[in-house]
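What follows is the residue order along each chain.
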Amino acid sequence: MSKRILALLMIALLALAACQRQPEVIPTVRPTITPSPIPSETPIPSPTVEATATSEATAEATVEGADATAEATATPSAKQVADALLQEVVVEADGEVIIGLAAALSGEGLAPLGIDIQRGAELALVARPVVTVDGMEFTVVLDAQDDTCSADGGQAVASRFASDEQVVGVVGPMCSSACRAAAPIFDAAGYTTISPSCTAADLTTSEYSSFNRAVVSDAFQGVIAAEYIYNTLGASRIATIHDGSTYGEGLVRVMSARFEELGGEIVAADAIAVGDTDFRGLLEDIAQEQPDLIYFAGFPAEAARIADQRGDTGLEDVILMGADGIRTQEFIDLAGDSAEGVLASTSIAASSEALDAFLALYVETYGEEPPAPFHANAFDATNILLDAIEATASVNAAGELVIDRAAISAHVRALEDFQGLTGVLNADGTGEMSVADIGISRVTDGAFAQIAIGSIDDETVIITETEQ
Amino acid sequence: MTTVERTRGVRTWRDAALDLLRNPVQLGATAILIVLLVIAVYNITPQNGQPAEYQPEQFLRQLTFGLAQGSIYGLIALGYTLVYGILAMINFAHSEVFMAGAYIGFFAINAAEQAGLLLTNPLLALLITLGIGMAASVVVALLLERIAYRPLRNAQRLVPLITAIGASIALQQIFLRLFGASARRYPDVNLYVLPQVFPLECDVVDAVRVCRGLDLISGRYDVLVFGIELRLLPIHFLVFFLALALMTALWFYVNRTRTGKAMRAVAEDKATATLMGVNVNRVIVTTFILGALLAGAGGVLFALYNQQVTPGMGFLPGIKAFTAAVLGGIGNIPGAVFGGLFLGVVETVAPSMLGMSTQLKDVVAFGLLVLVLIFRPQGIFGEVLVTK
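As they're listed, the protein sequences go chains V and R. Reading the first sequence from the start, the letters are residues 462 to 929 in our numbering. Reading the second sequence from the start, the letters are residues 945 to 1332 in our numbering.
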């Protein structure tokens, strides 16, 4: 009998061990130029009990922290200290400033997007390993967590960061679904987040105090996509598909509205479920309507299947267009030959010497071209957070760095003339800060190549074809 | 008691209608079925000279997709049904057995491509892939049986069920750790058959080799059937007929061989079978091997026409196959395949026939499962078993 129980326990343990998700799934090449101040292991979170941070954990953590400080400074009420702690981050004289990073580091077709973001943030810290406040230097480290590009993943990551009072601010989450789920939790905790990639238009109209983004809203991306399809490609009958995510649904809504305004016709509009493998039935319905183009808002795994299965239903000559979610090398690898000719829009950084130098460093450090579009946005987001710390933090008598969360939030929301890699960023008070252009790329010979740039100037959309 | 006696006699339509009226659940289900039928009929009838929402050729095309997908469900469902039939246990880790076949098969076919075998002798390469995929599935199934199920054979019925779920998650995560989360893509395979009937002519156009002939794997052919132009994929038919052939072979194995007889004996009564000299452990291992062989074959076939393989790929087909097994009557071999085909066709055809979003295809499929089970709780081919 005891043997049987033992076996059951062993299996349960095995299952538990396996469940502890370690985000590091794609082997990222570690920086070859050894940036001494950054412990190379920081991006990998240790799978400890903390991983299952719940609200109880939050309460516990705060109470513990409060007790410790209460003993040290003999403040009258632990409650007051706890409240103050929530609003202030205190870093010891030789301590580390922790920046959270939330991105999808695992998942089919998603990991390259997240890893690209992580690398962007890592390179920001390579260039700027310390923050200097009042003449004292504090090392900055990254705490990378997997947001799984889903609402529950975003919620889990937000709870985890919100319960860790040492996390100053967060770069991320990566996907709009995760951003939407995480924002209320970060709001309640008084945190500041800067997402490099959450593009859903309604994220900045929902009055989240914690949400900021260093990427162009889908309000622009969708409009430019519609203009490009209708005016440049001359397609007037299109079919739309989204994947049911906040991002996909929102993007299709913006694009469709503009497309119909222009006089185009949406001949079929449908949604798919993430993780599904057979879209032939849906494509057959679409084939019945004979559209000029299929617009898909979602992520690479599903996009690749749609690209592939187009041919099974006689749609192989119909253009497939996606957005920043699919503009990854992974999509091309998954779709094989059927990726050829697929279009994708994404926000692009204005070309500059700084950007060229960054890209060169990227290739040198990780040994490959960026696999996804958001590295520069992550770089900017990280730098904005570091700037905010330097501008608002102070060093107290004990030589500790005191960071006020409210001040960080106010600083980020009032950002002016930030010279980033993606362009000049100005916060408009709602969390929006980027006005970069949108580039349209086409898969040519197994790689995305930019073919047009769209920009919006006083409500007028200007699309310039760059080559081919 | 009265109802049981009446069903033994001749049932008239009147009896059936009266039974229905007495049963509110069945009455509600009937109402829903009628509403769905009305929507479907409305969608397939042309209105005021306008073509119908749903065209017959659309149905025919979707039918072929649905049958292919359903065949895969059927192949996996056979594994569920076999294990349930013998052990009265639901092997939830069977979806990972399927995944292992497809995933390890990838390495075989990839190696074949690297070695050039895929181009020179595609049939051999495919057979090797199929063999290695099936072998991988068998290894995983044997490990499962030995580690996760055998020590718990005499435990309560719920215990192995929970272990199965644990083992499923563990296997998935092991594959995730070993091979990474990124999807892998099966290479494009061209297998030309019957060169006598379909002459093979190859040209090089723009540095790409373009061939004519009957390509069993990647071919797509526009065929005119009864005046309707259909795009047919031989792979869909290959999957379908292979599934039927394997099912028939399995049926003969279980019903016509000595081992099959032993399997049926164990299914009936384990203790008595042991007394009759049946090696129960060996029979159970055989059952797992049979299920794994079919799942492995299903995995490789699935990957051949859906191409992407990931550690998480088994989950959805596994759930669907389990559903198919229940639908067909769990423990029944032709029932599993029929259930798979039914589910595959319904989930492909029903959303567009009913004018619903494809996002809801699982809702439609599982909703129909509930409706079927309301009328036949034992499944379509299931027999009512006398509980001991």
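Note that these hints are calculated values from the structure, not bench results. Every residue, glycine too, gets a C-beta built ideally from N, C-alpha and C. Treat the hints with caution; some may be incorrect.
Said to hold, decoys possible - Partner residues are not named here, just some residues of chain V that face chain R (Cβ under 8 Å, in silico): (1) Gly-725; (2) Ala-729; (3) Ala-732; (4) Asp-746; (5) Gly-797; (6) Glu-801.
Going through the hints against the structure:
1. Gly-725: violated (21 Å)
2. Ala-729: With a closest approach of 10 Å, the V/Ala-729 hint is violated.
3. Ala-732: Since chain R brings a Cβ to about 4 Å from V/Ala-732, closer than 8 Å, the hint holds.
4. Asp-746: Holds, because the Cβ-Cβ distance from V/Asp-746 to chain R comes to roughly 5 Å (cut-off 8 Å).
5. Gly-797: Hint holds; V/Gly-797 Cβ to chain R Cβ min 6 Å, cut 8 Å.
6. Glu-801: violated (11 Å)
In this structure, the earlier hints numbered 1, 2, 6 are contradicted, and the remaining ones agree with it.
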